[in-house]
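Between the sequences and the hints, there should be enough to build the whole structure, so can you do that?
One-letter residues, chain by chain:
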Amino acid sequence: MDNSDFIDRARHKIKQGLSDDDLIKRLLSFSDSLEKGENTIFEQLHDLYFLYYPEAASLLAERDKFIDALKEACDRNSVSGKTGVRGDSMGYDLEDSEIQLLSMSVNEINNISDLKKLVDERLREIMRAKYPNTTAVLGPELAAEMLSLSGGSHSLINMPSSKIQVIGAEKAMFAARKRKLTPKYGIIYNHAVTMSVPDRLKGKAAKIIAAYASLAVKTDVLSRQDKSGEILEKMSKAIDKMRKKNGN
Amino acid sequence: MEIKRVIDGVYWLNGKRRTLVTKSAYSDKPVYGEKIFKYEGKIYREWVPYRSKFAAAFYRGLNGVDIRDSYKVLYLGASSGTTVSHVSDIVGVNGQIYAVEIAEEMAVSLVLLSEERKNIFPIVDDARKPENYSSIVPKCDILYQDVAQRDQTGIFIKNSDIFLKSGKIGMFAIKTRSIDVSLEPREVIRNETQKLKSKFDVIKSIDLYPYQKDHSLLILRKK
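Chain order of the listed sequences is Y and X.
Residue numbering for the first sequence is 1 to 248, as defined by my numbering.
Residue numbering for the second sequence is 1 to 223, as defined by my numbering.
Since the hints were derived computationally from the structure, they do not count as laboratory data.
Positions of the beta carbon are idealized from the N, C-alpha and C atoms, including for glycine.
Just so you know, not all the hints are guaranteed correct.
As the list claims (entries may be wrong) - The following residues of chain X were derived to be distant from chain Y, with all beta-carbon distances above 10 Å:
{"#": "1", "residue": "I43"}
{"#": "2", "residue": "S114"}
{"#": "3", "residue": "A148"}
{"#": "4", "residue": "R177"}
{"#": "5", "residue": "S205"}
To be verified - Below, simulated DSS-like cross-link-like pairs (lysine-lysine); rule was C-alpha separation at most 25 Å, straight line:
{"#": "6", "chain 1": "X", "residue 1": "K222", "chain 2": "X", "residue 2": "K197"}
{"#": "7", "chain 1": "X", "residue 1": "K158", "chain 2": "Y", "residue 2": "K13"}
{"#": "8", "chain 1": "Y", "residue 1": "K171", "chain 2": "Y", "residue 2": "K25"}
{"#": "9", "chain 1": "X", "residue 1": "K223", "chain 2": "X", "residue 2": "K168"}
{"#": "10", "chain 1": "Y", "residue 1": "K184", "chain 2": "Y", "residue 2": "K171"}
{"#": "11", "chain 1": "X", "residue 1": "K129", "chain 2": "Y", "residue 2": "K15"}
{"#": "12", "chain 1": "Y", "residue 1": "K13", "chain 2": "X", "residue 2": "K129"}
{"#": "13", "chain 1": "Y", "residue 1": "K13", "chain 2": "X", "residue 2": "K118"}
{"#": "14", "chain 1": "Y", "residue 1": "K244", "chain 2": "Y", "residue 2": "K218"}
{"#": "15", "chain 1": "Y", "residue 1": "K234", "chain 2": "Y", "residue 2": "K244"}
{"#": "16", "chain 1": "Y", "residue 1": "K15", "chain 2": "Y", "residue 2": "K71"}
{"#": "17", "chain 1": "Y", "residue 1": "K245", "chain 2": "Y", "residue 2": "K234"}
{"#": "18", "chain 1": "Y", "residue 1": "K227", "chain 2": "Y", "residue 2": "K204"}
{"#": "19", "chain 1": "X", "residue 1": "K139", "chain 2": "Y", "residue 2": "K13"}
{"#": "20", "chain 1": "X", "residue 1": "K139", "chain 2": "X", "residue 2": "K118"}
{"#": "21", "chain 1": "Y", "residue 1": "K25", "chain 2": "Y", "residue 2": "K13"}
{"#": "22", "chain 1": "X", "residue 1": "K118", "chain 2": "X", "residue 2": "K42"}
{"#": "23", "chain 1": "X", "residue 1": "K118", "chain 2": "Y", "residue 2": "K15"}
Right, dumping it as structure tokens:
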């Protein structure tokens with residue numbers, strides 16, 4: 001008996017089973033890993049460069065400044081010309097082979113950050129295409145994170161909005177069983193509206209955003225229509241009303 | 001090095017240490033990075049107890065089970081096909097293994113494996129719903145189940161009702177942690193065997209520690 005029928009059927013099923021959510025999840029975690037890697041490499045490179053040119057390295061503690069100064073050339077002359085640090089250093093002597101090593105590392109960091117930008121851009125595109133309403137309410141990054149933390153759109157549509165409100169605050173949620181102090185927001189804290197209101201209103205704002213996020217996800221998954229304008233308008237009205245009521 | 005037969009297709013290689021191997025029914029390529037032995041012109045693949053519950057049972061004293069050449073096997077929870085590849089060695093090119101796996105990512109390597117080993121029939125489906133694949137799977141001589149789910153006993157009974165011939169062997173890897181974390185593992189196994197008793201004779205219950213944590217393998221014969 002031949003198993004090719006079974007293989008064809010299984011291949012078909014696997015292809016059908018792959019969802020946009022998986023892609024979003026992978027891209028998000030890839031982007032996170034890239035950021036982590038970039039930071040680690042930068043820290044190590046900065047520590048290494050400190051040995052060769054401590055004066056410049058302590059001035060250029062931030063990544064963007066450091067990369068900017070070392071982008072074209074890593075030798076002491078050009079770096080001191082750019083930053084105005086004194087040229088005679090107390091660090092190790094810089095030799096040509098080491099300069100090559102340093103400039104390659106700087107290039108590598110640049111490449112990684114370019115790649116991260118590309119990944120993020122692609123993630124945003126996918127989010128806008130597949131979840132237009134949710135993206136409008138939460139923003140692409142937050143919406144993607146929400147999907148990946150909740151385990152996919154189908155578990156997200158089954159959640160009450162009060163649960164969506166505290167996604168990402170599971171630790172505090174479980175602690176609240178003992179301390180009776182429930183969290184008011186999880187990753188929704190990073191939403192632009194929650195950031196903009198004063199501390200005492202953050203919980204209320206999170207509640208409203210979660211309610212509309214829940215509505216938006218359901219619209220995306222179940223009716224597949226782009227009603228983002230309508231939902232956004234309703235949400236901003238609700239937020240304004242909340243602000244007025246609480247004297248802000 | 002000497003070789004000692006356990007059952008047809010499964011052997012102990014006694015060197016410095018004893019190693020469980022299966023006689024390869026197909027190529028001499030390793031499936032998941034296991035060691036390959038050549039002995040008297042035949043090819044043997046190491047069966048790693050840390051990767052496979054079935055192998056761990058042999059290490060823990062299982063010395064015979066009714067599985068042989070040309071048997072039909074229904075394998076639930078095939079995962080990426082580690083144990084499946086060894087079962088495919090045992091039943092040989094004339095045997096058939098119907099390997100059910102629900103997770104698509106795991107099933108990818110299972111499908112790739114079945115393209116090489118023609119006696120594996122991959123099914124991407126939920127073992128909870130045997131009616132989905134009952135039209136394409138015949139009655140089997142062995143039912144092997146390794147799904148770490150809370151209702152794993154129910155799944156086993158459901159599938160054995162439909163697919164297992166009576167008087168034949170069912171192998172049931174119980175993960176006690178999936179059923180109840182708060183109970184003692186021994187207690188869980190006693191409860192689950194109680195549920196199985198009306199339909200099966202329990203031949204053996206093997207605790208797979210230290211090769212697998214919180215796992216036991218039940219060998220059952222359908223009444």
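Against the structure, the hints:
{"no.": "1", "hint": "I43", "result": "holds (22 Å)"}
{"no.": "2", "hint": "S114", "result": "violated (6 Å)"}
{"no.": "3", "hint": "A148", "result": "holds (18 Å)"}
{"no.": "4", "hint": "R177", "result": "holds (20 Å)"}
{"no.": "5", "hint": "S205", "result": "holds (33 Å)"}
{"no.": "6", "hint": "X:K222 / X:K197", "result": "holds (10 Å)"}
{"no.": "7", "hint": "X:K158 / Y:K13", "result": "holds (23 Å)"}
{"no.": "8", "hint": "Y:K171 / Y:K25", "result": "holds (21 Å)"}
{"no.": "9", "hint": "X:K223 / X:K168", "result": "holds (8 Å)"}
{"no.": "10", "hint": "Y:K184 / Y:K171", "result": "holds (13 Å)"}
{"no.": "11", "hint": "X:K129 / Y:K15", "result": "holds (20 Å)"}
{"no.": "12", "hint": "Y:K13 / X:K129", "result": "holds (15 Å)"}
{"no.": "13", "hint": "Y:K13 / X:K118", "result": "holds (19 Å)"}
{"no.": "14", "hint": "Y:K244 / Y:K218", "result": "violated (29 Å)"}
{"no.": "15", "hint": "Y:K234 / Y:K244", "result": "holds (15 Å)"}
{"no.": "16", "hint": "Y:K15 / Y:K71", "result": "violated (44 Å)"}
{"no.": "17", "hint": "Y:K245 / Y:K234", "result": "holds (17 Å)"}
{"no.": "18", "hint": "Y:K227 / Y:K204", "result": "holds (24 Å)"}
{"no.": "19", "hint": "X:K139 / Y:K13", "result": "holds (23 Å)"}
{"no.": "20", "hint": "X:K139 / X:K118", "result": "holds (19 Å)"}
{"no.": "21", "hint": "Y:K25 / Y:K13", "result": "holds (20 Å)"}
{"no.": "22", "hint": "X:K118 / X:K42", "result": "holds (20 Å)"}
{"no.": "23", "hint": "X:K118 / Y:K15", "result": "holds (21 Å)"}
Of the numbered hints listed earlier, those contradicted by the structure are 2, 14, 16.
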